[in-house]
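Undergrad: Line order of the protein sequences matches chains D and L. Be aware that the first sequence starts at 88, since it is given in this note's numbering, and climbs by one per residue. Be aware that the second sequence starts at 34, since it is given in this note's numbering, and climbs by one per residue.
Careful, some of the hints might be misleading.
What the hints assert, rightly or not - The following residues of chain D were derived to be distant from chain L, with all beta-carbon distances above 10 Å:
1) R95
2) M104
3) L115
4) V162
5) I166
6) E198
7) I200
8) K204
9) V215
10) A235
11) I239
12) P261
13) L262
14) R269
Stated by the list, open to error - If you want the footprint, here are the derived chain D segments under chain L, 3+ residues with CB under 8 Å:
15) 174-186
16) 225-234
Since the hints were made in silico from the structure, they are not lab data. Ideal placement from N, C-alpha and C gives every residue a C-beta, glycine not left out.
The primary structure of each chain is shown beneath.
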Amino acid sequence: MKEQSLGRLFLGKWNTMTLVAVAVGAALFGTLMVFGSIPIFANTYLTSAMIIPVIVGGLFGAVPAFATMLIGNFVADLIGGWGFWFDWSVGNGVLGLFIGALPLYGARIDEGIFTVKHAIIYAVCCVVGNAVAFGLVTPVMTAIFYAADLEITFLQAFAGGIANTAVLVIIGIPLLFLFANRYKKRSNLKEEE
Amino acid sequence: MNNRLLINYTPGTTPIHRLNGATKVMGFIVVTVYIIMTFDARIMLPMFLLCTAGVISMRPNWKPILLIMGFMFIMAGVIGSMMIILIRPSSGLTHVGGETVIVRWTDHFFISRELLWYVGAMYFKRLCSLSTAILFILAITPSELAAGFNKIGMPYKICTVLSLAFRTIPDIARDYIDIKNSLMMRGVELDSRKVGLVARLKQTVFILSPLIMTSFGRIGTIANAMDLRGFSKLKRRSWYSEREPTRADWIARGIIVLVAIFVIYYIVFVRVLNPPPFSYWSPWGYW
């Protein structure tokens, strides 16, 4: 495994491969958001789309995950047609930055490296990311855009954050193990004595 | 699945459809800022009427639009308003400026005229932003969107990502249907009415993992094909759906510039230099 600087892992390599990955990720995110989500509360959905930035992050870095989330939200708004809720889109983007940070703490999905330790850090990242995104970014932006009371936007965002965390942890961790295993089998190399 | 998308892949024939992609994007950005900047129903109303007229002039398929409107009404209009009324009935005082109580049950639960205005105005603002979005979505096609964003100065790599994303959606839809059919053939119950929430979450893993695998498996092929054709070698690129602006475009752009000047004036003089005491305007003369 090549040593890469933290900044590089964070930004990702912006070549054609990454651009295509962001595009495909955004398309997947958009479709899943529109057709694969279960509404549970005002402006809040239990959606499997949240997993996509995690995978993009694991393969390409945190900023590509952020881009996937942001563009994916835009795509979802365009094909679903329920209007543009920039307060939620930006919140989602920030969340993408956190949950896509997998390579920063050494989980390399494309090399088959994802252990229990990484799973625990990932879960913590999910909680922290949701807290920052929906406890801070989205409520403040909603308050600015609609002059809503922080209390109420917090409550709504809180429900969204809980739903996201649940999906990210309950579906995300098994999927990450599955993918890491899949990639491990593909890179069939063993260290020699 | 494709016929449930609101955005069109093929351009329509009405006057708004025939505008240039760049004009549509410019218009959308200005109108969005317009709606976000103001809390004054008198200023939002003309834009709402304009957008509604635009939507009607495009003769859209009304069924999905009405569905979205209804959904929005329940989510933001009913549930959102109820939350405000139950949790913070004093919002009328803080955001509109007065408290003329209509009904009072207890000290904490009451409805004032201003509270109703606040709730209604906030819903109206959301409705305005929805109608502008619907107008934009109905008017534009994905490739026009990418070309338009590039025209107004966004780097073309981002625009390519956008158009590539839309190009991928039909592929994903096809893969999704294939995966779903093969799962049903193996006896997995996918009817959402017959399985509970936890079981549905579990099924999602069954559908998601092959879907992600096939979609991400294509990335290498697409990227290689793009690299071989010299993608990202030059500073700019041309677009298939890029057209010379027509006379209608110049007229529309003139109107957009006028609106943009008004927006800048409003933000500078009304929101920044001389902010009103309460965020929402109301007809009872608090500001």
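Undergrad: With reference to the structure, classify each hint as holding or not holding.
TA: Going through the hints against the structure:
no., hint, verdict
1, R95, "19 Å, holds"
2, M104, "4 Å, violated"
3, L115, "6 Å, violated"
4, V162, "5 Å, violated"
5, I166, "5 Å, violated"
6, E198, "15 Å, holds"
7, I200, "18 Å, holds"
8, K204, "22 Å, holds"
9, V215, "22 Å, holds"
10, A235, "7 Å, violated"
11, I239, "5 Å, violated"
12, P261, "6 Å, violated"
13, L262, "6 Å, violated"
14, R269, "7 Å, violated"
15, 174-186, "violated (count 0)"
16, 225-234, "holds (count 3)"
This entry does not satisfy hints 2, 3, 4, 5, 10, 11, 12, 13, 14, 15, going by the numbered hints stated previously.
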